[in-house]
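A.B. asks: From first to last, the protein sequence lines are chains A and B.
So the mapping is simple: this note's numbering equals the position in the first sequence, first residue as 1, plus 15.
So the mapping is simple: this note's numbering equals the position in the second sequence, first residue as 1, plus 15.
Read the hints as simulated data drawn from the structure, not as lab findings.
Where a beta carbon is used, it is the ideal one built from N, C-alpha and C, also for glycine.
Here are a few chain A residues that face chain B, going by a calculated C-beta distance under 10 Å:
1) V32
2) V43
3) A114
4) P120
Covered stretches of chain B, as calculated for chain A (at least 3 residues, CB under 8 Å):
5) 32 to 39
6) 67 to 81
7) 111 to 122
Each pair of labels, with its calculated beta carbon distance range:
8) G181/A with P67/B: 52 to 58 Å
9) G142/A with P67/B: 53 to 59 Å
10) M16/B with T44/A: 35 to 41 Å
11) S151/A with R206/B: 53 to 59 Å
12) G181/B with T44/A: 16 to 22 Å
13) R137/A with T44/B: 34 to 40 Å
14) V166/B with T44/A: 33 to 39 Å
15) T125/B with D33/A: 27 to 33 Å
16) P157/B with D33/A: 26 to 32 Å
Number of protein chains: 2
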Amino acid sequence: MIVTVTLNPALDLTYTVDALVPHGTHRVTTVAERPGGKGLNVARVLHTLGEPVLATGLLGGPTGRRVSALLAADGVPASFVEIGGETRRTVAVVDGSAATGFWEPGPAVTEAEWSRFTDHFRQLLPGATVVVLSGSPPAGPPPSVYAALIVHAREAGVPALLDTSGPALHEGLRAGPALAKPNDAELAALRPGSPPPAGHAEIVEAVRAVADGAVVVSRGAAGLIAVVGDEVWECVPPVALGGNPTGAGDACAAALARGLRDRTPWPDLLADAVALSAAAVANPVAGAFDADVYRRTRAAAKPVGVSGGSRARLHR
Amino acid sequence: MIVTVTLNPALDLTYTVDALVPHGTHRVTTVAERPGGKGLNVARVLHTLGEPVLATGLLGGPTGRRVSALLAADGVPASFVEIGGETRRTVAVVDGSAATGFWEPGPAVTEAEWSRFTDHFRQLLPGATVVVLSGSPPAGPPPSVYAALIVHAREAGVPALLDTSGPALHEGLRAGPALAKPNDAELAALRPGSPPPAGHAEIVEAVRAVADGAVVVSRGAAGLIAVVGDEVWECVPPVALGGNPTGAGDACAAALARGLRDRTPWPDLLADAVALSAAAVANPVAGAFDADVYRRTRAAAKPVGVSGGSRARLHR
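Using the sequences and the hints given, assemble the complete structure.
C.D. replies: Structural data, given as structure tokens:
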């Protein structure tokens, strides 16, 4: 099974209102509740694809129990460690086409809780084919949290996919994950003194400056660039799609995790990841995707090798 | 004990943000959770005053259980009927001084649930000294819900205080509550063809057009006007207070309920209600009040009889 780790999940509430009026009072016409957090989106996408998956991480309080119940209702296998703090909520207020977001701070995690999670994670590794480490770490543990999990995974022979940002990404990259998936802004933020990389060559150079291992950079409508040692591959979505970009990165991570497990050749893997991302954009709900868009985009996506051979494979 | 009825309670969430930016994303700096709903505010004010009180009404789902837990943490005695629907949330986003509110729709109540609540309410009546019926009724039952409860209370010899609006107020007034407490806008809405009453005489005339029994009209900073048969009493707050007017009406209702129980003479009762309302404005949290402001305002409030004798007493 693919194990997805969500250390700072959320209960996502989406409120529909007629029009947002600052300092006004709004009757909410519809309320949607969903399990939130990048790792949970990855798990839901993989589960919808029929892939064996297990969601783990930290949940606490009544809001945490609600997230558990919503995952169970979706049929997503989960095994979370309970913490004393309360899982956060997010509220997205949608009027017409645009959303206004309010993000509660997540709970702080104690050293004892973090230690219990580490033990739990290590117990899951013998059954894991890949681990996916997604999103921001909680307050409490040091930014090396993902680095520690990557080391445990490698010791168990399980490849790790890292999808985070800031210090947690910086520290995590030093632990040598099998693959990292920053977006272009997250990549740029790793080198605060340098101008943001704009073209291919600059992105490849930026990746090589911060990582030794394989990296896939997601660039929104500009698609994906994979840098694997000397090889560079690129795949651009065949058509521009309007929709909700939230969750597109998580769908991309789901495809990459499956590819890590199956040692899928890079061109096929990038085409799959581009197609699943586009299919997530076409669905308004994060963690869900449009199956028709997935099938059509996958057939049309044409990955190209910018340098290196076409038969390159992903090394664990 | 004073029984407060809240048919459509809520979990009130208050989010603090730096500045509300429509269609932006906001990190919430603080989150406050409170039991919400007018009847619960009345119960909390009475409990803080040391008065025996019991909160009842309808609660459902995990959000309902959270409201129960928060009431228990405050020490407020409660006995709610559980419904299948989920209790609503409200979200107030505060930036600087002003709030932007989002109100979830409440759950619909089935005929069977309403019948169970009516039975529960009737079982509470032998121990009740006063019942307070506050806020909007839920979707499901007809607008005569409060009227039915008022009739049951009267049959049990328990005076009812009605604090609602619209059709529920219209129907409730016809059932003859011991006292009704509309604000001036709610009073005006009962006579859609007529201009809103502005001065004393117009308010008294409007009350007499819609109600036979005792009515206290709350007018914000302009204070309270009581119309009891031929008598009219008025009390204006001695000083204008800035603050949060949410919950001031509920503090007013709490004072009126206590006065109904104690058959407090109208001048004293109006002074008490004005002072407790002002003390609620001085506290940013609905259902709470500033004890110093209460004491000072009560000493300074000077009720006047607009007509009728000074020894008038409230008739049950």
